[in-house]
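Protein chains: 6
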Amino acid sequence: MRKLLQGLQHFQSSYFPANQELFEQLADGQKPQVLFITCSDSRIVPHLITQSGVGDLFIIRNAGNLVPPFGSANGGEGAAIEYAIHALGIEQVIICGHSNCGAMKGLLKLERLRTEMPLVYEWLQHAESTRRLIQENYSDLKGDELLAITMAENVVTQIENLKTYPVIRSKLHQNKMAIYGWLFEIETGEVLSYNPNTDEFEVPQTLLSNIPDELYVSTSAPPIAEAEEVAIVRKHNSGNLPPWLSSAQAQRIYQGSAQGSTK
Amino acid sequence: MRKLLQGLQHFQSSYFPANQELFEQLADGQKPQVLFITCSDSRIVPHLITQSGVGDLFIIRNAGNLVPPFGSANGGEGAAIEYAIHALGIEQVIICGHSNCGAMKGLLKLERLRTEMPLVYEWLQHAESTRRLIQENYSDLKGDELLAITMAENVVTQIENLKTYPVIRSKLHQNKMAIYGWLFEIETGEVLSYNPNTDEFEVPQTLLSNIPDELYVSTSAPPIAEAEEVAIVRKHNSGNLPPWLSSAQAQRIYQGSAQGSTK
Amino acid sequence: MRKLLQGLQHFQSSYFPANQELFEQLADGQKPQVLFITCSDSRIVPHLITQSGVGDLFIIRNAGNLVPPFGSANGGEGAAIEYAIHALGIEQVIICGHSNCGAMKGLLKLERLRTEMPLVYEWLQHAESTRRLIQENYSDLKGDELLAITMAENVVTQIENLKTYPVIRSKLHQNKMAIYGWLFEIETGEVLSYNPNTDEFEVPQTLLSNIPDELYVSTSAPPIAEAEEVAIVRKHNSGNLPPWLSSAQAQRIYQGSAQGSTK
Amino acid sequence: MRKLLQGLQHFQSSYFPANQELFEQLADGQKPQVLFITCSDSRIVPHLITQSGVGDLFIIRNAGNLVPPFGSANGGEGAAIEYAIHALGIEQVIICGHSNCGAMKGLLKLERLRTEMPLVYEWLQHAESTRRLIQENYSDLKGDELLAITMAENVVTQIENLKTYPVIRSKLHQNKMAIYGWLFEIETGEVLSYNPNTDEFEVPQTLLSNIPDELYVSTSAPPIAEAEEVAIVRKHNSGNLPPWLSSAQAQRIYQGSAQGSTK
Amino acid sequence: MRKLLQGLQHFQSSYFPANQELFEQLADGQKPQVLFITCSDSRIVPHLITQSGVGDLFIIRNAGNLVPPFGSANGGEGAAIEYAIHALGIEQVIICGHSNCGAMKGLLKLERLRTEMPLVYEWLQHAESTRRLIQENYSDLKGDELLAITMAENVVTQIENLKTYPVIRSKLHQNKMAIYGWLFEIETGEVLSYNPNTDEFEVPQTLLSNIPDELYVSTSAPPIAEAEEVAIVRKHNSGNLPPWLSSAQAQRIYQGSAQGSTK
Amino acid sequence: MRKLLQGLQHFQSSYFPANQELFEQLADGQKPQVLFITCSDSRIVPHLITQSGVGDLFIIRNAGNLVPPFGSANGGEGAAIEYAIHALGIEQVIICGHSNCGAMKGLLKLERLRTEMPLVYEWLQHAESTRRLIQENYSDLKGDELLAITMAENVVTQIENLKTYPVIRSKLHQNKMAIYGWLFEIETGEVLSYNPNTDEFEVPQTLLSNIPDELYVSTSAPPIAEAEEVAIVRKHNSGNLPPWLSSAQAQRIYQGSAQGSTK
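Protein chains in written order, with our numbering: chain A, 4 to 266; chain B, 4 to 266; chain C, 4 to 266; chain D, 4 to 266; chain E, 4 to 266; chain F, 4 to 266.
No lab work stands behind these hints: they were computed from the structure.
These numbers come from a predicted model, not from an experiment.
Hints are supplied without guarantee of correctness; some may be wrong.
The list makes no distinction among identical chains, and a pair is therefore deemed to hold if it is satisfied within one copy or across any two copies.
[As the list claims (entries may be wrong)] In silico DSS-like cross-links for lysine-lysine, where the CA-CA straight-line distance does not exceed 25 Å:
{"no.": "1", "residue 1": "Lys34", "residue 2": "Lys6"}
{"no.": "2", "residue 1": "Lys108", "residue 2": "Lys6"}
{"no.": "3", "residue 1": "Lys6", "residue 2": "Lys145"}
{"no.": "4", "residue 1": "Lys112", "residue 2": "Lys6"}
{"no.": "5", "residue 1": "Lys6", "residue 2": "Lys179"}
{"no.": "6", "residue 1": "Lys112", "residue 2": "Lys34"}
Kindly generate the complete structure, drawing on both the sequences and the hints.
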């Protein structure tokens with residue numbers, strides 16, 4: 004606690020005075036552009052990953068970055084979604100899962116949690132679609148590989164769940180809503196983004212390919228971590244896949260099951 | 004979105020390489036010391052306020068930083084609390100409200116939300132103790148003053164609610180649990196902390212008075228905003244009270260009702 | 004009641020003896036191919052519309068052919084869906100709405116139902132996505148036109164909801180699940196089917212175009228209504244649209260909002 | 004699916020044109036006389052069994068023809084009941100169970116369903132009265148006999164549950180509500196009806212004994228299956244009991260426990 | 004509080020020593036014969052009314068002596084019922100309403116409670132069957148008369164609700180369960196008991212008519228109020244009806260609606 | 004039942020006539036001073052223990068004297084609390100547990116109840132804070148000792164839960180609410196009261212020490228048991244502790260864990 008209070012003192016004596024104008028301006032109201040839904044995990048710092056400033060991200064955090072289907076939970080998720088979309092007019096949502104997620108680990112051994120952590124057990128029912136899909140389709144995987152695909156499929160599950168919210172469905176109808184599914188790899192700092200057309204996770208920067216090569220300019224608060232920029236071109240091993248997966252494994256995992264025929 | 008992706012690229016090219024070792028270490032597991040429960044509001048950045056690093060804070064964020072009483076909600080709050088306390092062994096919880104809170108504004112005109120934002124309406128039922136207390140005890144206040152006391156009383160309400168969780172009650176019994184109620188003033192960057200003995204909100208730094216004047220040292224990741232330290236002694240106007248309240252008003256608000264007699 | 008008992012006697016003396024073998028065979032177990040979800044409305048007779056026989060359709064009927072999102076209701080819908088998909092191995096689902104639907108009418112004047120028909124009011128919360136979409140996007144419509152688009156959008160809402168069920172999501176992942184959205188026009192006997200690619204409702208027979216011109220053969224029980232076939236080629240006015248809508252109106256309605264830009 | 008679409012085409016080209024007037028008339032509104040609650044099972048076709056026409060039956064179908072007690076479920080059952088009784092003025096309800104019911108089989112091995120079909124497991128809690136009654140009173144039975152009595156007792160349970168609905172209770176008070184419990188034997192086509200006075204299931208036709216021997220006349224749509232009437236007098240073996248039960252067994256089953264004394 | 008503590012001291016110094024043996028015996032376990040469900044109202048003292056001793060009555064008390072239908076509430080009622088019947092083997096239940104009941108008054112002006120006493124409002128939903136019956140059948144009554152019939156019908160409603168509990172239904176099946184509905188008139192001390200055969204409330208002592216004129220003997224603890232017996236033969240005005248109702252009014256109220264025809 | 008009816012007759016012929024005036028006066032409205040929450044157990048008779056009269060105590064009784072946290076249950080507890088505090092203006096609450104409590108016994112072997120008494124199982128979830136605290140802190144105890152500490156800690160749990168109710172929190176804020184936790188020992192007739200300052204259970208009479216030695220005077224109805232007062236000075240063995248606990252054991256139990264340090 005002492006450390007936090009020292010940090011607080013530090014914030015008040017250094018950061019705040021230097022950005023006082025911004026805070027005073029924000030005191031009248033917020034105008035975030037993005038609803039960022041992620042895990043409570045201490046290793047995920049949305050502002051750090053996206054180098055966002057104060058006022059940029061409206062954030063929901065819970066264990067496992069779950070979005071219970073509309074009407075299925077009376078916790079804070081639905082209210083925050085509704086407020087973000089309807090009251091703040093946000094039109095972009097990011098659901099961000101991450102590697103080594105404790106909630107996903109729990110999902111893979113769910114029954115064991117029933118008596119020891121009953122609230123976690125109940126909460127993970129909202130990820131039952133993920134659990135069943137994994138159980139019925141990836142019974143041959145285990146360990147890190149199993150956990151990785153669980154994390155990935157879970158993000159897709161939550162995207163489906165999100166679509167059941169009235170405010171989301173109405174905006175989707177108007178083509179005024181974009182939903183992104185992200186995976187954050189703690190170990191590599193890499194982020195992959197879900198592509199619904201291919202049903203694969205891809206490096207989101209490819210989406211930037213047709214963006215003019217402008218300089219990195221923050222339009223609001225200075226990014227929270229302002230280290231000098233290093234001109235590194237990240238090299239993605241074997242097509243942007245997590246490094247701890249072989250190319251073949253990863254390919255199978257992230258591409259879903261392509262075969263099968265509709266009737 | 005483009006801005007976020009640029010930020011992401013920036014993070015990956017600058018911050019991550021410089022702190023790669025920490026991330027690799029954290030990839031094996033987290034060991035946060037604090038459960039930080041705060042609002043989804045975009046103007047609240049816990050890591051910034053507390054100058055915390057990656058891995059320091061396990062975070063729950065929802066609209067209004069509510070903690071529904073145990074068993075009253077099946078959303079993510081209870082599961083994250085249980086996981087934080089039981090699985091991670093966290094022994095310190097901060098519930099952090101803030102000024103100009105949209106959820107608290109909603110609470111003060113609750114009936115109007117019923118049809119327009121039904122999920123927010125339902126969610127705010129978990130702050131009904133706050134609403135009723137305000138309605139029955141502060142009917143003479145309005146505007147900013149009313150909102151300020153609502154924000155403050157709501158933090159106290161959530162502390163009471165938190166105590167109903169089995170994992171919390173068990174740890175409290177062992178004297179291994181500390182619960183803090185914070186108020187963050189966006190406009191001033193100030194934080195006040197609830198003192199259950201006096202039933203008042205105070206500047207938490209006073210708790211540091213008996214701390215040796217050591218240098219500010221972060222034990223884990225470098226603080227997210229590493230601006231150079233400025234040796235400012237903050238001057239609190241009229242005893243650490245929000246600047247937009249007169250000293251008398253504020254005194255009345257934060258001191259609760261001291262009179263009255265038990266039977 | 005007398006009429007029903009006479010009908011029962013009639014069934015037992017005529018239909019049953021003529022099909023006794025089928026019933027005896029079915030007594031050991033069912034093997035339906037389709038899960039048919041439709042309204043409780045007395046004017047909808049699934050077996051009649053589809054000329055299906057005993058044992059062909061596993062049927063869920065409720066007011067408004069709703070499918071509450073997974074986890075949001077503890078009524079019979081979820082259990083029947085789970086049983087149909089998991090226990091019976093059904094891989095095709097039809098959600099069939101219809102014209103002049105009382106539930107949809109109720110949805111358009113929802114608040115009035117709160118005290119008079121509280122259970123209907125509560126139930127229609129599961130169609131809130133439909134209601135909000137209509138309210139925010141079709142405020143210019145009224146009367147039959149408004150009701151028609153409500154019925155249509157509601158079927159799409161329920162398809163989205165259906166996707167949140169674990170058994171459905173798992174089968175969709177395997178490409179072993181087809182979900183159809185139907186609209187039945189009582190007045191014309193016409194059925195339109197939702198095409199997710201175009202976001203329009205179309206005459207489903209067009210899907211049959213590449214089907215060899217085989218004879219109509221029922222593989223199981225004789226169709227329930229065995230009137231002799233009349234060689235009528237139905238003429239659809241103005242592109243298979245409901246006759247009571249002008250071509251322009253209808254076009255706007257069933258095509259959704261095509262404009263708008265993703266970000 | 005192809006078969007269904009062919010059936011649809013068949014319906015539109017033959018049945019509909021021949022009954023167009025009726026459909027056009029019904030398009031303005033329904034006026035059903037009976038609320039028919041039965042199982043989703045594909046082998047149950049209410050219109051076939053009762054030779055009813057379009058517009059005659061308002062139908063609820065779920066797994067196990069359950070009627071959760073008032074207030075215990077937020078699924079479609081309560082809303083459809085309320086709508087049928089209050090909005091449509093229906094004064095007769097039939098709850099129709101059937102032999103070889105999958106839901107009843109599940110009820111007899113409930114614990115096994117908990118993880119494999121959790122929604123079915125939850126849903127069957129609404130038949131807990133049936134399960135407990137069977138467990139505590141028929142522990143000596145097994146196999147078909149056990150299943151038969153479960154099906155029968157379950158219908159009685161649901162009649163009790165139905166009485167807790169406000170619209171039902173009010174109509175019962177006015178003597179304007181009749182509730183029937185039916186059992187349909189797939190194998191024999193037989194229907195038995197519950198007699199609350201004797202606590203036995205009987206052939207409902209006996210209720211017709213004092214009905215003048217008029218001809219079978221459908222007052223609305225032509226019955227869905229219009230095979231020519233065959234003058235068969237069904238012979239009920241051993242007093243209208245299921246053929247696979249010995250007379251003694253059946254007698255014991257359907258007569259409940261007559262002994263015992265009130266205090 | 005002082006008064007209660009004095010009473011406690013009084014109990015410990017007088018009553019307890021005189022009945023110590025009984026308490027010591029009861030300390031090993033209870034064996035009550037009756038489950039008594041009544042209102043929280045301070046004017047109802049079950050032991051006083053029935054002159055019962057310690058250990059005689061297992062008691063549930065809530066506002067309005069409601070018994071929510073099985074599965075509709077997760078409060079204490081269901082658990083206490085289950086425990087009483089299953090664990091203690093109780094075979095007699097009394098549901099006792101009373102005159103001038105605040106909960107019944109609330110039920111008659113329910114909408115007004117929604118914001119002022121939301122928990123009472125929600126709770127009274129379990130008496131919705133009573134409210135609707137009254138609204139639809141006694142719209143001509145008002146004042147005391149309306150309140151009296153509401154109290155009476157509510158007891159009948161709760162009897163119906165009670166029958167939906169698994170443990171009750173199983174015992175009823177065995178003829179090992181008797182359910183009584185009582186009305187207690189505070190003003191007169193009179194108790195009426197529901198007769199399901201006549202659908203009327205009657206003086207329960209008439210049931211005693213064929214009881215030999217034995218002396219009043221308590222088999223367990225001395226009755227709580229041991230005033231000397233006064234040989235008064237109560238005179239019931241106009242057939243055991245509440246004194247504040249005219250004979251004609253009362254007759255109409257307690258006899259239900261006899262007319263109407265079944266179909 | 005006969006016994007109860009005889010008791011009723013006795014009440015009407017003796018007690019009522021002697022106190023008719025009081026009943027007539029109470030018929031207009033109640034004005035209780037205390038909300039008494041206790042167990043359904045037949046051995047607990049609140050009026051006897053406190054020697055209270057008709058009209059003195061507003062009473063909630065359920066299995067285990069539980070108070071589910073605000074919003075977590077829709078049973079009668081919350082409504083009765085709200086009614087007592089808001090409508091009746093009661094400012095004192097007693098939560099009274101007792102020795103040899105069946106509900107507490109069940110809590111200690113909870114899992115066994117899941118299938119046999121599912122409603123009790125569900126209900127005891129509201130005492131999960133008690134269960135977890137016991138499990139994590141008193142694993143060395145067993146038998147009577149374990150049951151005694153469970154009963155005691157459970158009363159404290161319910162006090163915490165009670166504080167989450169809006170009407171309670173508002174009154175606490177005004178210093179117009181006193182909450183007492185009592186333990187009643189059936190075997191000894193002793194009552195201990197919780198002292199939040201010391202976290203111990205004490206003989207409540209010590210609170211009376213500064214009360215003038217006035218005579219015992221009931222201000223309302225004659226106490227229900229009016230045996231003559233016996234001048235006994237109760238001797239409490241080893242500091243008012245339950246006789247079946249050694250002084251050392253008891254001391255440990257009722258004093259909680261004093262060690263440990265806040266951070």
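Cross-check of the supplied hints:
1. Lys34 x Lys6: This pair counts as between: shortest inter-copy Cα distance 15 Å, intra-copy 31 Å.
2. Lys108 x Lys6: Neither: 30 Å inside a chain and 32 Å across chains, both beyond 25 Å.
3. Lys6 x Lys145: Close neither inside one copy (39 Å) nor across copies (37 Å); limit 25 Å.
4. Lys112 x Lys6: This pair counts as neither: shortest intra-copy Cα distance 36 Å, inter-copy 39 Å.
5. Lys6 x Lys179: For lysine 6 and lysine 179, only the inter-copy Cα distance (18 Å) is at most 25 Å; the intra-copy one is 43 Å.
6. Lys112 x Lys34: between (41 Å within a copy, 21 Å between copies)
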